[in-house]
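Peer 1: Build the full structure now, drawing on both the sequences and the hints.
Here the protein sequences come in this chain order: R and P.
When you line the first sequence up against the numbering used here, it's residues 1 to 260, in that order.
When you line the second sequence up against the numbering used here, it's residues 1 to 297, in that order.
Everything labelled a hint here was simulated from the structure, so no lab data went into it.
Quantities reported herein were computed from a predicted structural model and do not represent experimental measurements.
Watch out, some of these pointers could steer you wrong.
[As the list claims (entries may be wrong)] Calculated pairs, SDA-like style, for lysine to any residue (alpha carbon to alpha carbon, straight line, at most 25 Å):
1. P:Lys294 - R:Leu89
2. P:Lys294 - R:Asn77
3. P:Lys294 - R:Arg22
Now for the letters of each chain:
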Amino acid sequence: MPPKVRDSDPESIVRFENVGLRYGLGPEVLQDITFSLGPSSFRFLLGESGAGKSSLLKLLYMALRPTRGQISLFGRNVASMSRNELPRLRRRVGVVFQEFRLLDHLSAFDNVALPMRVAGARESDVRRHVEELLSWVGLKDHLNSRPPTLSGGQQQRIAIARAVITRPKLLLADEPTGNVDDKMGLRLMHLFEELNKLGTTVIVATHNLGIVRQMAHPVMRLENGRLNTDEAEIISDLGLDEPGIGAGAASAGPGFSRIH
Amino acid sequence: MLTVMLRRRSDLPMNEDTLGRFLPWLIAFMVFLSALALAGMLILNDAVKRWDTGLNATVSVQVPPGANAREDEQRLGQVLAVLAAKPGVERYETLPKDRLLDLLKPWIGEAGQAQDLPIPMLIDVTVDRDAALDAQSLARELQARVPGVSVDDHRVWLSQLVRLVTVIQVLAWAVLGLIGLATIGTVVFTTRTGLAIHREAIEVLHLIGAQDAYIARQFASRALGLGLKGGFLGLALAVPTLAGIGYLAMETGATMVPKPDLGFFKALGFLTLPVAVALLAMMTARSTVMRNLKRMS
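Peer 2: Dropping the structure here:
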């Protein structure tokens, strides 16, 4: 049994203890999820479609509450937090949603600026940071474009920029490279790595094994609602130690392998 | 805070919903009705003040005509002697017969010009407001000297009229209150609809760390803007309507009601109406959002 979650554990960024989740009266989509991540951790979350990756991320960004077990974020037990305390905690979490969830009536600039404005940042700081970041993700010429006028890949980059603009302490990304080409996918993953080096804990849910192989980060895998953290088993099962697997691998060139 | 709310951009697609077209017209109608009610109240208030100063301190004494002019004079003299000695009577004035005949002209026509027509003599008595002059005891005293004398105390019917006007004023306040309630109801309904329409965007704002107050401010700001727009539109429609009513009142010679007099403070009162309704809409929107977001979570 893992140790009991304490309500103020400065070392813990994420801690799940026997967490279960069901929608309505349906079966449990997540069962007995137990894991913890400290500061500056980086994890790939793997799993087939429907394995529960998005549900796990929803628990992490507090869109859902578990039906059992305990979740602790930044050393605070989420269940014991009042409604007024949640926004402050959420500002420390950046989320790249699978379906982007951009606000279509706002420009790319305003979408990315939202987390800063919500946090009450000065408009001069907003302008400086947002322009810089959008330029970095290759959308310098689309500051005033609205999401519906942009391609899926461009929208995804806006979603990523919005998630990282406040330099969150926890970054959650649900298929962040699903709509971009491999080159841009790697570039975005390097952005996540940069943030990770600065202390952000990153969890990336992905199907893109090529990207997983290229990045030197541990993996965990959801199988039928249960979390497998045995990395050796996952690597062996998915053949991650063999070169040339996954879409990203081909474009990234031959001869590379996972660095442990 | 108000300027911040007016300046703030909306993170929610408020301009794309139909509420923006619907709410200003409703608020315009509310303000239009409020302006009419307020104007009615102000005019009645002025009328009461005028009646109060003009009629509240007067009593009319009516002396029946005698068999001839000499008897008329004798009766009048006796009545005036009582009035002169009566404490609380400040002054009295016998209305000239010509004026009485003029007053009767609309009813009896040129026949009223006949000087020998036997009509009662009328004395206008001004009483001291502070002295509690009893009109009935005065009447009894006068009737003891001159049978048939009657005393018409204006204060009695005036107080009844003032009571009536007060009731009308209370009704006008009630109308204003109902308009306020209708405005609140309308804003609650439109805000709830807005919350349902923008649910997805609100969820995104919550997930990136927006407080309920941040979201409520967007709705409140929107309600304030639409409220001001609709409010001044309603006032703009009320002004010519009131001017028209005032013109018609003067044309028909309605002398009981004073001529509408729009001083600085009254004008300020009218200008306050749209602002007050807009502020009411803003506060209602804010509290509706705060309450509903708590329920939604």
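Peer 1: Now tell me, hint by hint, if it's right for this structure.
Peer 2: Quick rundown of the hints versus the structure:
no.: 1; hint: P:Lys294 - R:Leu89; in the structure: holds, 18 Å
no.: 2; hint: P:Lys294 - R:Asn77; in the structure: holds, 20 Å
no.: 3; hint: P:Lys294 - R:Arg22; in the structure: holds, 23 Å
Going down the numbered hints, you'll see the structure goes against none, and every one checks out.
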